[in-house]
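Student: Residues per chain are reported as follows:
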Amino acid sequence: MRLDVLNSGYGPGTKLLFAMIRLFSGHPVPDAARIVFYRPDFYGNHAKAFTHAAMRGPSTWSVADRELTAAYVANLNGSAFCIAAHTATARQAYQNGPMVAAALADLESAPIAEPLRATLRMLGKLLVEGVVDAADMRAVLAAGASREQVEDALAVCAAFDTTARLADAFGFEVLAPEGFEAGAKYLLRRGYK
Amino acid sequence: MGDAVAEQATKRELHRALVERVRDGAGRSSAEQRAQAFAGEGLAGPLDALIGGVVTRPVRVSDAAFAAAKAAGVTDDELFELVVCAAVGHSSRLYAAGLAALAEACGDGAV
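Chains as they are written, first to last, in my numbering: chain A, 1 to 193; chain B, 194 to 304.
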């Protein structure tokens, strides 16, 4: 990462934890996970609580739908690390790689449910233009998404717009595919705590 | 924060807690600088260029942008905080814009 403190500024206990994870998983700890251990009282603790609530907390979106939403946000931000991480996680969660690839390649023709398609379309406008209006939201609601689902999707968007910006600004290392697959398994087992 | 407390808090409350911590809480950089980074405006010199990149086009943030800020005397810890504030600030504006539009669509003033 671009800041030395994010590469080596961890206490002995955290360094030991990173070493143990690497030993047992066979993969380095992804930078997205490392960064929340750096001065966790400043960013990591609150970021983990919000992200875990958005991704694994109560919602009528499935975990797979939320991981696809994270991948969609990453894709629009052009964040290589986050695209790979959440594409792998969505693929494993749905057990359907082609569907995830189709949604990221062409939302309008992808074989996904209309409420999710309309929600992602709205998030796309929000990410690209920075604004949405009531008409955009009415279109999502008319497609069958509930008010709670729209609010939940906005929380996922907020969490992963932040992470994508940090990934690109700090220069998170893009792992080998098997590293992202291992990370996806961890995220589906343990979440973002 | 314990698991039970976190699960009971709403997502918006958890997000608000994140914002208040990084922008307004104790830090190595000044609260004024963190507020400027959060807003994405008001910083000067190399910091303005770096933080502007985080807000507008993070994939184009470069090693040189960090090097210029460090050469101007900004420490790693200050840069960590200011970049975090810029990222959280941008996503907070998206979140607020979305929630406001949703509230309007649902015919009320607050979600």
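Heads up, some of the hints might be wrong.
Here are some chain A residues pointing at chain B (derived, C-beta under 10 Å) [claimed, not checked]:
# : residue
1 : Ser25
2 : Arg39
3 : Ala53
4 : Asp106
5 : Leu126
6 : Arg147
Because the hints were derived from the structure by calculation, they are not lab data.
Bear in mind that the values here come from a model prediction, so they are computed numbers and not experimental data.
Even for Gly, the Cβ is constructed at its ideal location relative to N, Cα and C.
Student: Hint by hint, which ones does this structure get wrong, listed from lowest number up?
Tutor: 1 and 4
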